[in-house]
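Assemble the complex: chain D is given as a structure, and chain S must be docked to it using the hints.
Sequence order for the protein chains is D and S.
The letter at position 77 of the first sequence is residue 77 when you use my numbering, and the numbering goes up by one with no holes.
The letter at position 75 of the second sequence is residue 75 when you use my numbering, and the numbering goes up by one with no holes.
Derived from the structure by calculation, the hints contain no laboratory data.
Watch out, some of these pointers could steer you wrong.
Which residues of chain S face chain D? A few of them, derived with a C-beta cut under 10 Å, are [said to hold, decoys possible]: (1) Pro15; (2) Ser59; (3) Glu85; (4) Leu94; (5) Arg96; (6) Gly97; (7) Gly102; (8) Thr105; (9) Leu107; (10) Arg134.
In silico EDC-like links for lysine to aspartate or glutamate, alpha-carbon gap of 20 Å or less [what the hints assert, rightly or not]: (11) Lys73(S) <-> Glu52(S); (12) Lys43(D) <-> Glu52(S); (13) Lys43(D) <-> Glu85(S).
From a predicted model like this one, the values you see are computed outputs, not experimental measurements.
We put the CB at the ideal spot given by N, CA and C, even for glycine.
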Amino acid sequence: MIAEASDLTFTYDGTERPATPPVSLSLEAGRIHAIAGPNGGGKTMLARVLSGLAPSVFRGRLGGRGEVVGSPLPFLGGPPPTAGILTDSALAQLTGVRSTVAGEIGISLENRGWPPRQIRRRVGDLLASLGLEAVAERSPMTLSGASSSELWSPVPSPTSRLS
Amino acid sequence: MVLVGSLQLYVITTPLDELHACLVRARVAKPLAYALVAAVAFAPHLRQRVLEVRDAQTSRGVRFGWGSLGPLKLIGPLLLSTLEEAAEREVTLLVRGFGLTGRSTTLAHVPWRRRDTAVAASVLPAAATTLLWRTLGL
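Bound conformation, chain S alone:
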C-alpha cells in the first residue's frame, strides 16, 4: 500500500505524457519507456482493484488474517483480473500503432530549462552516492 500510495502521489504530480516524451527523447527504447510510464500510471487502479476483490471476498465470508489462507484468496483473483486486462490492453496498444517501427511524433512539448540542468546536476550525484552506499553496504 505504501508503494502504491507513493506511485499515486507521483502520478498526481507528474504529467505522464511529458514523462513519456522525455524518456523517448532520452533514447530509452520505446517499449521500455511505455512499460515504465504505464506501470506508474496504472498503480492507483491496482489499489482500487485490491479493495474490490477484498470486498467481494469478504462478502463471501473470506477472512484476511495473516494466519489464514486469506491473502492467497486476494492475490489469485487480483492476478487473474490483471492478466485478463493486460491481454486486452495488448490488443489496444497494437491497434493504436505501438508496434509500428516508422517515425513517430508527439504532442507533448517539454522544453529543457536551466533549472532542469540544476536539478539534474544535484540529484544525479546524490542518487549515484546512495546507490554506491547501499551496494557496498556502508
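Bound conformation, chain D alone:
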C-alpha cells in the first residue's frame, strides 16, 4: 500500500467541526485512484493531509490514523519528498526560479538538502522514466502542452470547472 487511512479527519485550529468527514482508504502503488465528492466536501484537505501540508502548514489536528509510504501521519516536519500535490494548472506547478526543466524538478530536492550529484541522478532517472530526457535543458515555461502536462499535471481533475 502507498497510503492507508482509517477514520482520518482534519479539524482546523479554533473550530470543532472537522473539515473532512472520516475517511478510510487503502491506495495501492501503481494504480490510479479517484476521490469524488461535492465542492467543500474535503477532497483538497484530504490531499493536504496525505501530502504532509496539514497540520504542519494548515494548522489543526488529525483524528483517526493514517500512513503514507510507511510513515505514520502526521508529518510534523513538513511535506516529505515521497508525496506531493499536482493541480490541473500546469503553469501553477512551476516555481519560476529555475530556467530548465531539470532544475525545476530538482528544486524540491535542493530544498531538502540533497547533494547535487544525487539530485542530478534522480532527476535524470525521472525524466528517462517518462521518456522526456530531450526536454531536460529546455525552459519549463516553453514546453509543449503535452510535455508540460506529463511533467507537472499528469492527471487533470475530470470534474473541474464543470457546471
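Below, chain S alone, put in the same frame as chain D:
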C-alpha cells in the same frame, strides 16, 4: 507594457537559477529571494494573460477606451485569475519544500569572476549616485 517588456528582456538574458542562487548566497532571506526572482519570471505571463482577457472581453462587446469603464473590466478578471493562480502556486511551493527550514543545496554553480568585481565596482557607485540624485531632487 513597457515594464513587462523590460522584464521579459531581463528574463531572456538572465538565467533565473543563477540569479536566485546569487541572491541566496548574498544572504538575502529565502522568501524574499524567491519573491524577487518569481516576480520577474512570471511578468511575461502577465502580458499574455492581459491579451487573453482583452480578447475574451472584446469578443463580448467590451470597449477599452480610456473614457469608458473598459480598463476596469480588464483589471477585474486579471486580478482574480492571478490570485487564483497564486493560491495554487502557494501549495506547489509548500509541497516542494520551500517552507522547510533545514539546510538546502543548489544545482546552480555561479563562480565569482574578476570581471564581476569590475562590473560591481562600476555599477554600484553609479546606482548610488542616481538614487541620491533622485532623492535630493537635484
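These are the hints, each one checked on the structure:
no., hint, in the structure
1, Pro15, "holds, 5 Å"
2, Ser59, "violated, 19 Å"
3, Glu85, "holds, 5 Å"
4, Leu94, "holds, 5 Å"
5, Arg96, "holds, 4 Å"
6, Gly97, "holds, 3 Å"
7, Gly102, "holds, 6 Å"
8, Thr105, "holds, 5 Å"
9, Leu107, "holds, 5 Å"
10, Arg134, "violated, 30 Å"
11, Lys73(S) <-> Glu52(S), "holds, 13 Å"
12, Lys43(D) <-> Glu52(S), "violated, 31 Å"
13, Lys43(D) <-> Glu85(S), "holds, 19 Å"
Consistency with the previously given hints fails for numbers 2, 10, 12, ordered from lowest to highest.
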